Amino acid sequence: MIKLANEADAIYEAQYQTMQKSGAAQRRAGSYQAFLERGLPNRRVESWHYTDLKAALAKPAPLAAGDERKPLLARTHDSIRLVTLDGKFRPDLSDLSELPVGLRVRSLHEALADDNPEINVALWPDGAGAEDAAVALNGALMQDGVVVSVSSGATIARPIEFVTLVGASLPEAIFTRSALIVGAGASVKAIETAGVLERETSNATQLNHLLALRLEHDSKLDMLSHISGFGGDSVSVFSLNAHLASHAQLKAHQLIEGGGLLRRQLFAALDGEFAGASFNGVTLARGRQHADTTLFVDHRQPHGASHERFRTILDEHAIGVFQGKIVVRPGAQKTDGVMQSKAILLSDGATMNNKPELEIFADDVKCGHGAACGRLDQDQLFYLMARGLPRGEAQSLLLEAFANESLIDISDYRSRDFVLERIGGWLAERTPS
Amino acid sequence: MLEIRNLHVSVGDREILKGLTLTVKDGEVAAIMGPNGTGKSTLSYVIAGREGYEVTQGEVLINGENILDLAPHERAARGLFLAFQYPVEIPGVATMQFLKAMLNAQRRARGEPELQTPDLMKLVREAAAKLGVSQEMLRRPLNSGFSGGEKKRMEILQMALLEPSVGILDETDSGLDIDALRVVSDGVNSLRSPQRSFLVITHYQRLLDYIRPDSVHVMAQGVIQRSGGPELALELEKNGYRDYLAGEAA
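Just so you know, the sequences run in chain order S and G. Residues 1 to 433 in this note's numbering are what the first sequence lists, from first letter to last. Residues 1001 to 1250 in this note's numbering are what the second sequence lists, from first letter to last.
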């Protein structure tokens, strides 16, 4: 028996006891045990070195009670929307009528009750993601979520949108876990959206969300994640865990708009020959926001490819983190891995921690990484101003161009325009420095 | 009209311009010639408003207004254009997008309605054709991967679109072969007008065979040492700058 060291541990213990009664008791017990062995990570844990989750969650909020309201949700994308509000999957807010052939949607509760091995393997991926303490806590306390399966060979034209919303006006802790299983040869687009429901929403939400992706042989997934951080005192962990079989192709883009303390974790296991994954993203943070993107790509089989391109823009006193690690296992010959992270600091008070890493155990691979931090190029800025652009407009033009470097691979022009518009909006709110 | 009056400029502890005075009237093309390191580029940057230079004394007037307290974009909106010696590459900003932003920023500053894309495209295409700027160049990121000649043509294209009242050409001939020099010079010559003043900064007389100046000024040691007509350029080509460097540390 591990001794409970502090108040936070006691609260999580009580929450675990509550959630134990809602199904998947054995799975939860395994996850909780893994969590207890690690505890909430502090800076001594290497993969959490720049984000002290233990300090941030010293006072865990009570578990979300769910929300019975039926808010009217504005439609941003032409998508099949699947909505989770305050930790509960909401069929009534989702587009469940007339689902296309080949698509099956169920709540996490239903999926757990089914105890289907194919779904279980997607919901509990192995590897680095499973060893992460925040993911383990999610496995113990997950309240709900949505599980989507796409039949082998199906092509779904409309994007499947996973919407995670928070609406409670008092601080609550929310644990959600969703999964997308893409059958062999299937081709799908997905959107992941997270944000607050309305202005009155608590600014101290604690959210721990995991989206598990399982891409079977020769399947294809194009994905855009748009995460708007919650209020100033919020703590959120958004994990994405992707498992790719042979010849599967994942293309993932993300736009992170900071809010409170926000951690984005991307775990990818390339577990079949010729699997390919790309992760590209833009992070925007200002004020006292803390925005962390941590990436772990595990090349387990030969002929895999992974490309990552991240751009971070920090203003005022924001803190940015990028940690990226590409591991190439002994058998994973002919791996092609490139990782690049660049940051622009718009104020002297902003901080960026940039740490790319390679761990290569195979001898015939092509891998590289690069990282850079700096301020806007003053020659470029002067050139634009000398042509008549006011400082703010010149800065915005350069920053949009900088962000755009990681968006050039978005194939869907609507998604691309959407992201560029959000970035433009964020830039328009700032005072030129 | 451009008037520079007793301009003193320092960088750190070092005074680079030491009381430079020069007037370029409406319709006039004035050439400044001078040896390397004499402050010619400093002069163009100070007029355009680049940071890092301290003006300790003097004035620069455009059409009678002192511009030294204005930000670079405000100077541009008042009709100043600097064709850069080294045009800056801006990967990620499409040339066409930049041209639109530049034109509309100045139109907004002057209270004129913004150009819509079809009108802009027409305007740019016509001006580009005259300068041999290809459609393919307009689609590329600004100045990125452009040759020296392409960059200079792009500068003149911007000047043609903005129709400034004062144009400063900083070493526009550097890096150009004879053909490109002719295209660029023709572009400048076609913009000569009774309402527009040009200040052409160059090392060599060669450019002035193509852009015939009304006046030539020799700059050395931070001031205008001598002024004259076009014949002065020929004399410099023959004798070099040594007469003007007397007293400088040998």
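Hints were generated in silico from the structure; no laboratory data involved. Quick caveat, the model's predicted, so the values are computed rather than measured. Just so you know, not all the hints are guaranteed correct.
Unchecked claim - Below, simulated DSSO-like cross-link-like pairs (lysine-lysine); rule was C-alpha separation at most 30 Å, straight line: (1) S:Lys325 <-> S:Lys251; (2) G:Lys1151 <-> S:Lys342; (3) S:Lys342 <-> G:Lys1100.
Claimed, not checked - What the simulated footprint calls covered on chain G by chain S, stretch by stretch (three residues with Cβ under 8 Å from a Cβ of chain S suffice, anywhere in the stretch; the number is not a length): (4) 1008 to 1016; (5) 1046 to 1060; (6) 1063 to 1076; (7) 1104 to 1117.
As the list claims (entries may be wrong) - Which chain S residues stay away from chain G? Per the calculated CB distances, all over 10 Å, these: (8) Arg28; (9) Leu36; (10) Asn42; (11) Glu46; (12) Leu103; (13) Pro117; (14) Leu197; (15) Asp233; (16) Pro356; (17) Gly368; (18) Gln378; (19) Gln380; (20) Ala401; (21) Asn404; (22) Arg422; (23) Gly424.
Positions of the beta carbon are idealized from the N, C-alpha and C atoms, including for glycine.
Evaluated hints:
Distance restraint check for Lys325 of chain S and Lys251 of chain S: the Cα-Cα separation of roughly 18 Å lies within the 30 Å cut-off, and the hinted pair is therefore satisfied. With a C-alpha separation of about 27 Å, the suggested pair Lys1151 of chain G and Lys342 of chain S falls inside the 30 Å cut-off, and the hint holds. About 28 Å separates the Cα atoms of Lys342 of chain S and Lys1100 of chain G, which keeps this hinted pair within 30 Å; it holds. For the region 1008 to 1016 of chain G, the assignment as covered by chain S is violated, since 0 residues bring a beta-carbon within under 8 Å of that chain's beta-carbons and 3 are needed.
Closer than 8 Å: that is the beta-carbon criterion, and the region 1046 to 1060 of chain G has 4 residues meeting it against chain S, so the requirement of 3 holds. Counting residues of the region 1063 to 1076 of chain G whose beta carbon lies closer than 8 Å to any beta carbon of chain S gives 5, which reaches the threshold of three, so the coverage claim holds. Only when three residues or more bring their CB closer than 8 Å to a CB of chain S does the claim for the region 1104 to 1117 of chain G stand; here the count is 3, and the claim holds. Every beta carbon of chain G lies more than 10 Å from that of Arg28 of chain S, the smallest distance being close to 47 Å; the non-interface claim holds.
With a cut of 10 Å on Cβ distances, Leu36 of chain S stays outside the contact zone with chain G, its closest approach being about 48 Å. Every Cβ of chain G is farther than 10 Å from the Cβ of Asn42 of chain S; the closest lies at roughly 38 Å, confirming the non-interface assignment. Once the 10 Å rule is applied to beta carbons, Glu46 of chain S is consistent with being away from chain G; the minimum gap is 34 Å. Distance check on Leu103 of chain S: its Cβ is at least 38 Å (rounded) from any Cβ of chain G, clearing the 10 Å threshold; non-interface status holds.
With a closest Cβ-Cβ approach of about 47 Å to chain G, Pro117 of chain S is found to remain outside the 10 Å limit, as its non-interface label requires. At roughly 35 Å, the least C-beta separation between Leu197 of chain S and chain G is larger than 10 Å, which holds for a residue marked as non-interface. Distance to chain G confirms Asp233 of chain S as a non-interface residue, since its nearest Cβ pair spans about 36 Å, more than 10 Å. With a least beta-carbon separation of about 21 Å from chain G, Pro356 of chain S lies farther than 10 Å from that chain, consistent with its non-interface assignment.
Listed as outside the interface, Gly368 of chain S is consistent with that label: its C-beta sits roughly 19 Å from the nearest C-beta of chain G, beyond the 10 Å cut-off. For Gln378 of chain S, the non-interface assignment is contradicted: its Cβ lies about 7 Å from the closest Cβ of chain G, within the 10 Å cut-off. Not every Cβ of chain G is farther than 10 Å from the Cβ of Gln380 of chain S; the closest lies at roughly 5 Å, contradicting the non-interface assignment. In this structure Ala401 of chain S is not separated from chain G by more than 10 Å, as the shortest Cβ-Cβ distance comes to only about 3 Å.
For Asn404 of chain S, the non-interface assignment is contradicted: its Cβ lies about 5 Å from the closest Cβ of chain G, within the 10 Å cut-off. Every C-beta of chain G lies more than 10 Å from that of Arg422 of chain S, the closest at about 17 Å, which supports listing it as non-interface. At roughly 13 Å from the closest C-beta of chain G, the C-beta of Gly424 of chain S stays outside 10 Å, upholding its exclusion from the interface.
Hint check: violations occur at hints 4, 18, 19, 20, 21; the rest are consistent with the structure.
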